[in-house]
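Colleague: What follows is the residue order along each chain.
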Amino acid sequence: MSDREIVVENLVKSYPGKVTAVDGVNFRVDEGKIFGFLGPNGAGKSTTIKIMTTLALPTSGRVLVGGFDVVIQAAEVRRVAGVALQEVGIDPLMKSMELLVLQGRIFGASKAEATARAKELLGLVQLSDAVDRRVGTYSGGMRRRLDLAMALVHQPKVLFLDEPTTGLDPVSRRDVWREVRRLNRDLGITIFLTTQYLEEADELADTVAIIVAGKIVTEGTPAKLKAAMGEESINLVFDTPELADKGQSILENMSDRIQLDRDTVRLYLRKAAGAIPAVISQLQKEGLTPISLTLTQPTLDDVFLQATGQRLIASEATKTKSSRSRQRVEAN
Amino acid sequence: MTTKTIELTVSRPMMNKPLSLPVHIYLLVVRSLTTILRTPEALLPPVAISIFFLVIYQSTLGKAAAFIPGIGGSYLGFILPLSIVSGSLSGSGIAAQNLVRDIECGYFDKLLLTPVRRAALLLAPILAGAIILGVQATIVVSAGLLLGLKPVTGFLGLLTVIGLGVLLGIGFSGFTVSAALGSGNAAATQGASFLFFPLTFLAPTFVPLSLLSGWLEVAAKLNPITYVLEAMRAVLNNGWDTQAIGTSILACLALAVAMYALAAFALSVRTRRS
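Line by line, the protein sequences are chains A and B. Residues in the first sequence are numbered from 28 upward in steps of one, following the numbering used here. Residues in the second sequence are numbered from 1120 upward in steps of one, following the numbering used here.
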């Protein structure tokens, strides 16, 4: 096994009261790859990452990070892994240079080495101009970038990023993406990434796994997962959710998969473009005209929806032909 | 961020050398002192209050040595130890407040993701707190000298008084640190610090131990503060009393052993992987 790989075998984590947060999860992250881990709230993402980063113990199964077992070789795992958790844990009274130098020294660097490394990393995350300010005065984006720098101090072989761009503005988010890609490409760091942004997984991940209720329901490259969907969608927007509901009833015999999302009906079809005239005709027969019609290729959002029955982004009502039930889905 | 690119050195040897516990403690003590000193507003009031009461006691009861038996020297030498002990009790919360702040802001968990020795997470804030306590006690002793204190054992006697104050503070900080680790909450930790203040008065606070009687005498004899006060007063007013000093050190050590067993348990619970 490479010292930059992650192997998770039959991972189970149960809590008292017979709550099983992770239920027989298996995956492998090859050296130098970016692995995107997606799932709705409470699916088991955080529990999995806590086990992989040595903050929690598995109930059963085996997790190897960089060739080290997270249960019996936790200290070694901490030496090869860099971790930036969702909650940025940075002392607001300290300055970025102080934090990075201390982090380096804890990992065994001399003061000169740690200082040089800190300067290097502050340049990398574009915080060189803010070294004299206490971290408490930093913006959310600056704190995340500093957190990323702290995770890189000891030149980790494997990097765990738990929702690295949550709460960032779009520009900062793209900057973090660029850095993640560069760390992976230039330094060969294997990256395990959880995210609530499907676009982020699509943009960064070589492989994506979706976890629901503690089990991985689908895994593959974003391209393959989208291709496997095989269907484009015709998106019809109506004046009101009631009219959309009526539209769904009219069109439900045209496809095996149809969704109602507030005032929008999505009809999934192979070669959807050719079906547009028939769709319009069917609606007009019933005296219904959509206010807009668009055609979209499958996205990772569609993959997620098919795998979980939920959308990942924001709270919205989703209704599928199979479930026919409205459900609130909170942002993860 | 812009698209500026800075190459990270990949050829540099990994800095992954395991460090000893003392080195980790040293690194975290320096860091704790840095952050403690950045909130001077938390450090000055205990010193100011100790000096305030010292001045008040000396002004109102300064001539009490003449009519209270057993004081055995100047009243200032008798009452200064109370100010030092009060400062030790309030200062014993410094380590805990530092620790609970780390827990609340998530930095404690961040450290758990590094190879830092777990014992250093407990010992470093306590040692940093002890250093601050030493400085605070020195300031209070200096105030005593300005008020006319003339210790019979000289400079070494003053160092002994400061050392005993620090030792007592370290013992009590084991309790406040336990509260910090157990609760992870600043308000609960602050509350734990206040629990000590009644102990100050279950001791020969304003009169010698020989003048106490009944339940208060029993309580005072069980209270480690009593032995620290007795030793400090002996050193300042009577001379080197090795028995009193030895007893006070033993009392502080017994307190520390009990409190640190509690703190070690609280640390193991907080850092335990479940």
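Keep in mind that the hints are not guaranteed to be accurate.
Claimed, not checked - Here are the in silico distance ranges between beta carbons for each label pair:
| no. | chain 1 | residue 1 | chain 2 | residue 2 | range |
| --- | --- | --- | --- | --- | --- |
| 1 | B | Arg1157 | A | Arg201 | 30 to 40 Å |
| 2 | B | Val1388 | A | Glu269 | 50 to 60 Å |
| 3 | B | Arg1157 | A | Gly69 | 31 to 41 Å |
| 4 | B | Val1388 | A | Ala139 | 46 to 56 Å |
| 5 | B | Thr1390 | A | Asp266 | 54 to 64 Å |
| 6 | B | Thr1390 | A | Ser41 | 19 to 29 Å |
| 7 | A | Ala143 | B | Gln1309 | 19 to 29 Å |
| 8 | A | Ser166 | B | Arg1157 | 14 to 24 Å |
| 9 | A | Ala143 | B | Ser1261 | 39 to 49 Å |
| 10 | A | Asp57 | B | Gly1303 | 37 to 47 Å |
Just so you know, the hints here were simulated from the structure itself, not pulled from any lab data. Glycine is no exception: its CB is placed at the ideal position from the N, C-alpha and C atoms.
Colleague: Under the constraints set out in the numbered hints, which ones does this structure not fulfil?
Modeller: The structure conflicts with hints 4 and 7, although it agrees with all the remaining ones.
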